[in-house]
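Number of protein chains: 2
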Amino acid sequence: MTTAAARFGTTGFGAENLPYASFSVAGGDRRLGVRLGDQVIAIAALAAQVGTPRLDDAARDAVSGPDLDALLAAGHTAWQPLRTWLQEVVTTDGLDTAVESAATPVADVQLHLPFTVADYVDYYASEHHASNIGQMFRPDEDPLKPNWKHLPVGYHGRAGTVIASGTDIPRPKGLRPDPSGTPSFGASRRLDIEAELGFVVGGSAPEGEVTVARAGAEHLFGVVLFNDWSARDIQAYEYVPLGPYLGKSFASSISMWVVPFDALTDARVEPPTRDHELTAYLDDSVDGPWGLDITMEVEIDGQVVSNPPARTLYWTAPQMVAHMSVNGASLRPGDFFGSGTVSGTEVDQRGSFIELSWGGKEPLTLDNGHEQTFLTDGQTVTLRGTAPGANGSVIDFGECVGTITPAT
Amino acid sequence: MTTAAARFGTTGFGAENLPYASFSVAGGDRRLGVRLGDQVIAIAALAAQVGTPRLDDAARDAVSGPDLDALLAAGHTAWQPLRTWLQEVVTTDGLDTAVESAATPVADVQLHLPFTVADYVDYYASEHHASNIGQMFRPDEDPLKPNWKHLPVGYHGRAGTVIASGTDIPRPKGLRPDPSGTPSFGASRRLDIEAELGFVVGGSAPEGEVTVARAGAEHLFGVVLFNDWSARDIQAYEYVPLGPYLGKSFASSISMWVVPFDALTDARVEPPTRDHELTAYLDDSVDGPWGLDITMEVEIDGQVVSNPPARTLYWTAPQMVAHMSVNGASLRPGDFFGSGTVSGTEVDQRGSFIELSWGGKEPLTLDNGHEQTFLTDGQTVTLRGTAPGANGSVIDFGECVGTITPAT
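For the protein sequence lines, the chains are A and B, in the order given. Under numbering that gives the first Met the number 0, think of the first position of the first sequence as 0, with each following residue one higher. Under numbering that gives the first Met the number 0, think of the first position of the second sequence as 0, with each following residue one higher.
A portion of the hints provided could be inaccurate.
As the list claims (entries may be wrong) - Simulated restraints on C-beta separations: (1) B:Phe-184 x A:Thr-1: 52 to 58 Å; (2) B:Glu-370 x A:Pro-142: 51 to 57 Å; (3) B:Ala-406 x A:Thr-379: 45 to 51 Å; (4) B:Asp-60 x A:Asp-366: 54 to 60 Å; (5) A:Ala-212 x B:Gly-377: 32 to 38 Å; (6) A:Ala-57 x B:Ala-57: 30 to 36 Å; (7) B:Gly-377 x A:Gly-50: 42 to 48 Å; (8) A:Val-24 x B:Glu-206: 44 to 50 Å; (9) A:Ala-279 x B:Gly-301: 37 to 43 Å; (10) A:Pro-142 x B:Pro-138: 22 to 28 Å; (11) B:Asp-60 x A:Asp-265: 49 to 55 Å; (12) A:Val-24 x B:Pro-176: 32 to 38 Å.
Hints in this document: simulated from the structure, not taken from any laboratory. All C-beta atoms in this analysis are idealised placements derived from N, C-alpha and C, irrespective of residue type, glycine included.
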């Protein structure tokens, strides 16, 4: 007698993690799955096999969909019992055979976008990133605008171009600034990554005004890795005065395994000390701490060049939800928040190539001899992330991958 | 013998207009309807009654939904035959009784959001508006940024808070600039309207790169009135450097009747002369002209204070679609574009109160004696719009209404 966790659970994807995905096998229907080790378990099939005494009808219905949409809509009262049931099943002696019968090796499945993105808001929550960008874009001013420490600066991105990890990224075209003063149209010459966390939100708040405490307890479903590909030249020309648009909207990739927020209890840490008093609705000392000790990894063409530390983010996920909704804006299942590029204090903790190469002026020499500034066609960027999990385990976020293809 | 158009068609809503809506009667199911005079006709019921030899299966299925979603997804090959069939039915002698049996007086129905908003992009297409705002927000600079005449400046808004005309607008709260330098949290003191056109888009372009010609021929489904309510104080504090967010995202109201783009053939006019050469993908001389001679009306508490002329918009609807997608961003059914505030050259053609009262410094005295600057609780704003239609008719856009309620 043994348990599924003992048989299949490997470092990073043990019973303490159990991230969700939408998967299919050999062109079959998409199903909601949960990962254990190198296996993906079809949740509805597992439920049929072992029974779900812990789950109410809403939760049972929610796991039979093709992706997370129904579960996100069912709300937090469905999430915790589902996770508890899954953890019990994979750690109960003798249930390993039942789990095995609902499992497929990850290597044999196709993964799909795990949920339908409702609205997508990208924040700018890393002080080091905002300072670096400010120094480069506006060298004659204070790098941080006066509002930066008073509210989490953010803007809406394009929900329809949030795409699955592994999708190729054609180099975008647009109007780019030119020394002549007249902009020219063409393929971006300054294509970049932004290594971010993405927060997946569920439940509904039709009237908005979600508090930090309620955001944390009821709406934060899970976390993914997020690469908000950016064409710096297009962005620099277009972004005044209404913010980034085409410089960002062509593609934003997410990792395919949604790590439950509940798997990150041991990763929760104090955010950086705030040097301005926070207005009441942004006070995140309640039920905290809300910082997340997730260490990211930026790999280009097989070489790790940076380890952005998410624990340095100035603004936390519940603050992002509270801010979005304080004006009465509604929250919907599938709402999605990017943290903004994660950059630490050190050069090798920067989450974008514009920072790593300081605007292209200080190229990084890769082990293969390439002088790396912005991305060239054919280059592949992979984000990874890990966090401390319960019982001394590691929580692995999998990968967020994209390869640049030439402009069409 | 007579026709439905002769019996029911009244000025503004004759056979030349036939705008679509989602409606229900006495709490019943939502249905897709088309307006003729003061009647709304259930399209599926009419089809069952008189037959639809002109429509293929896709179009027939698309009209049986509760709103425009299926029709927008069916694409342009369904739109023209549907409109032609509807025009034939309402102008055929003897079919008036069939139409009557599928009709309900507009006064007796409830109207609903006519489509599900996919992504919403707001542009800034009026030169006079952009100049006015620039002068007020950045008095020491050129009012137009260097990019303004080279590309249609725009940004993504919140799709989930595009709401139905008639919904109350609670005054939003947020951080507002304060003379002390430290911002304070509270209800907006500078709540405003933005009188805009909204463009409803259908069909799909997964790879983006929709040309101006294709945008016009295949993707522009219809036009609505759009009030992008704006909290100017919240916006002014938050918007650097990533653009408007909470100052706009609390609510944006649309009129309930979607006027088909095909009803506006006689309203198409040359846009203003462009004084910079347009890059190829923005050249809208193809299959044009693409300007729209729609005259809007801004009424507050029963008094018309402005008539913004949409024909003065510098950027046209097909340019907005072409620009959005030129970087490879996909287009989805239900994508929605705001024109930005429409303001003409004259004071009484301005589409916002920040312009009408010049930042609050030059109040408008209403007939009731009220010194109008920004909106006060209890005030009702109504947008209206008309355009020339075929056969000397008038195309009426109905109303886009909202009443300010006190902050919660």
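Practice prompt. Check each numbered hint against the structure and report the violated ones by number, ascending.
Written response: Hints 2, 7, 8, 12 contradicted; others consistent.
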